[in-house]
Amino acid sequence: MEQAAELTARATLWVINPQSVADTARFKAKRAAPFVFLADEDLAVIHLYGIYHTVHDEHGPIPYPTTIVVKPDRTIAWRFLGLKARDRPAVQALLDALNAL
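Counted from 1, the sequence shown has number 150 at position 26 by my numbering; the numbering is strictly sequential.
Simulated from the structure, these hints should not be mistaken for lab results. Among these hints, one or two may not hold up.
[Said to hold, decoys possible] Taking lysine to any residue pairs in the SDA-like style, the calculated list, with each CA pair at most 20 angstroms apart, reads:
1) K154 to E165
2) K195 to V139
3) K195 to V160
4) K152 to V215
5) K195 to A217
6) K154 to I175
7) K195 to K154
8) K208 to A224
9) K208 to I175
10) K208 to P189
11) K154 to A128
12) K152 to D164
13) K152 to K195
14) K208 to H171
15) K154 to T132
16) K152 to N141
17) K154 to A129
18) K195 to A221
19) K208 to A153
20) K195 to L131
[Said to hold, decoys possible] Label-pair restraints from in silico Cβ distances:
21) P185 to N223: 16 to 26 angstroms
22) V179 to L219: 27 to 37 angstroms
23) G184 to L162: 11 to 21 angstroms
24) I186 to A133: 29 to 39 angstroms
Source: prediction; values computed, not measured. The beta-carbon is built from N, C-alpha and C at its ideal position, and this holds for glycine as well.
Throw the hints in and build the complete structure from the sequences for me.
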């Protein structure tokens, strides 16, 4: 938890959720997360960045869990691309990426 506090103190974190605004709000409230949550209901972000792997007949594209560290000059400094829905980078990996800026 201490690492998460350091991370939120050093960076602005956005969670882009591929669900409706209402579902995204419930998702955030359930986790009491201190991050900004944005809804990508029409999947525009995953299409823009090509971060999806499967087109499911019923559900459409399934997004990769992706974490990106963006430098102040708006270039990508580091990224994590998960292959499964629950894949996430370790907090220490994000702190290391911030330390390298």
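Against the 20 angstroms threshold, does the CA-CA distance of K208 and H171 hold or violate the hint? Answer holds: K208 to H171 is near 18 angstroms, not above 20 angstroms.
Can the restraint linking K195 and L131 be considered satisfied, given a maximum Cα separation of 20 angstroms? Distance of about 15 angstroms is within 20 angstroms: holds.
Taking only the CA atoms, is the gap from K208 to A153 under or equal to 20 angstroms? violated (23 angstroms)
Are the Cα positions of K154 and I175 separated by 20 angstroms at most? violated (25 angstroms)
29 to 39 angstroms was suggested as the range; check whether the CB atoms of I186 and A133 agree with it. Holds: the Cβ-Cβ distance is about 33 angstroms, inside 29 to 39 angstroms.
Would the hint linking K208 and A224 be met if the CA-CA limit is 20 angstroms? violated (27 angstroms)
Verdict for G184, L162 (Cβ pair) under range 11 to 21 angstroms: holds (19 angstroms)
Assuming the hint says 27 to 37 angstroms, is it satisfied by the Cβ distance from V179 to L219 or not? holds (35 angstroms)
So if I understand the rule, the pair passes when the alpha-carbon distance is 20 angstroms or less; does K195 with V139 pass? holds (17 angstroms)
Mind checking the alpha carbons of K152 and N141 for me, to see if they're no more than 20 angstroms apart? Given pair K152, N141 holds - Cα atoms ~10 angstroms apart, limit 20 angstroms.
Has the given pair, K195 with K154, been kept, meaning a C-alpha gap of at most 20 angstroms? Given pair K195, K154 is violated - Cα atoms ~30 angstroms apart, limit 20 angstroms.
Given the hint that K152 pairs with D164, test it: the Cα-Cα distance must not exceed 20 angstroms. holds (14 angstroms)
Going down the numbered hints, you'll see the structure goes against 6, 7, 8, 13, 19 and 21, while the others check out.
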